[in-house]
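Can you build the whole structure from these sequences, using the hints too?
Number of protein chains: 2
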Amino acid sequence: MTTYPPEELAGVYRAIRERRDVRSGFRPDPLPQDLVLRLLQSAHQAPSVGLMQPWRFILIRSEEIRRAVHVIFQQASAEEHQAYSGQRAQLYAKLTLQGILTAPLNLCVVCDATSSHGHSLGRHTMPETALYSAVCAIQNLWLAARAEGVGIGWVSILDPDYIKSLLKIPPSVALVGYFCMGYVDHFAPEPELESVGWERRLSLEDVLRSETFDQPWKGTGKP
Amino acid sequence: MTTYPPEELAGVYRAIRERRDVRSGFRPDPLPQDLVLRLLQSAHQAPSVGLMQPWRFILIRSEEIRRAVHVIFQQASAEEHQAYSGQRAQLYAKLTLQGILTAPLNLCVVCDATSSHGHSLGRHTMPETALYSAVCAIQNLWLAARAEGVGIGWVSILDPDYIKSLLKIPPSVALVGYFCMGYVDHFAPEPELESVGWERRLSLEDVLRSETFDQPWKGTGKP
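Chains A and B supply the protein sequences, listed in that same order.
Using our numbering, the first residue of the first sequence is number 437, and each one after it goes up by one.
Using our numbering, the first residue of the second sequence is number 437, and each one after it goes up by one.
Honestly, the hints are just simulated from the structure, not real lab data.
Any given hint might turn out to be false.
For identical chains, the list gives no copy identity; a pair is met inside one copy or between any two copies.
Capping the alpha-carbon separation at 25 Å, the derived lysine-lysine pairs in BS3-like fashion look like this [stated by the list, open to error]:
# : residue 1 : residue 2
1 : K600      : K654
2 : K530      : K604
3 : K604      : K654
Written out as structure tokens, the structure reads:
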């Protein structure tokens, strides 16, 4: 049998179910180094196309850098805010969208698609799988962090070129994601965007198809 | 405390460490429907930008469709093979790169970035985060599957346009990944691409940076 014992299986499902995008409530105490390395090791165990391992993790504690990132966020968020009007613009103004300065650790995940590691296997027809490998690493990190009581928030309201310039990331290396990390005393029972009324969760059936994209899920058929 | 009890925490780390890209050894017996839905529910609990939930899951059991996908794979793999020469071309010929016909279930994950769900929040500066949300869903699925004894293999050696045409996926919807799924009696202790000598795993230190991309990891500093 290759199935895990019940407690271990429950842990996997629990982390998946209880993981949240955390933007507030970070405790200021630094994350222990052995914990951070354990989380990053989990990220590093992600699948990658051709065993390319194109992910690179930039750990950012510098307050100077984080302040500069925060300015880049403020610019992008002000522009995004202008894309909304009426009640939705009012709702946008109330959202907490990042914890760049309040979280003790920031993390920038980039993808070095120029690396010869992996010898391009699997990337001739779908080169974007290098980027997707880095995203798999992010999700590993996120789940391990949840199980360890560490909150992670993904900040996408940033101009990638400004971040790349600030963090001295070469043009050939792609910014995949920017994250805030820290201990939290509480994880919300549901996504904040759901509880504040920004968006509702879809049912599973809404996102399933049978055999081809145009065929709705047939709940009675064998999947 | 928001940390999980030891057995649940161990389960999370174990799934991350023991997950493999499975291309062979699939058992032919179908996966029970409740299991498949449990795995897809895990995928559906992934983070998504603006709570957009842009992933759509096409479950494919039809042998006719799988045969057509297999032909598309063979074409792409023959072309990829030609990109190598000498010993590496010989090694490529020995790799098992897919289980399209041997696995009882195939899954195509697509991203509907045209969906108005999420109201574009977080996508004004980084629209690619819609695709990345779908990849997070894939990694959730992969980890839950490992814990359940289900092998998953990602097939990227496919022409996306041919697959989209075959599966009636509209041009505006992106193919993110194509997968083979089934019970396996055994998971390899290390990635196959490592054991056959295609590529080696990097050390964690190789992929860490401090503060900016050009600064190597300072192991003695506080991360």
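Hint-by-hint comparison with the structure:
1. K600 x K654: Intra 46 Å, inter 21 Å, cutoff 25 Å: inter-copy only.
2. K530 x K604: The answer is neither: 33 Å in one copy and 41 Å across copies each exceed 25 Å.
3. K604 x K654: Between copies only: 17 Å across, 50 Å inside.
The structure is inconsistent with hint 2 alone, although it conforms to all the rest.
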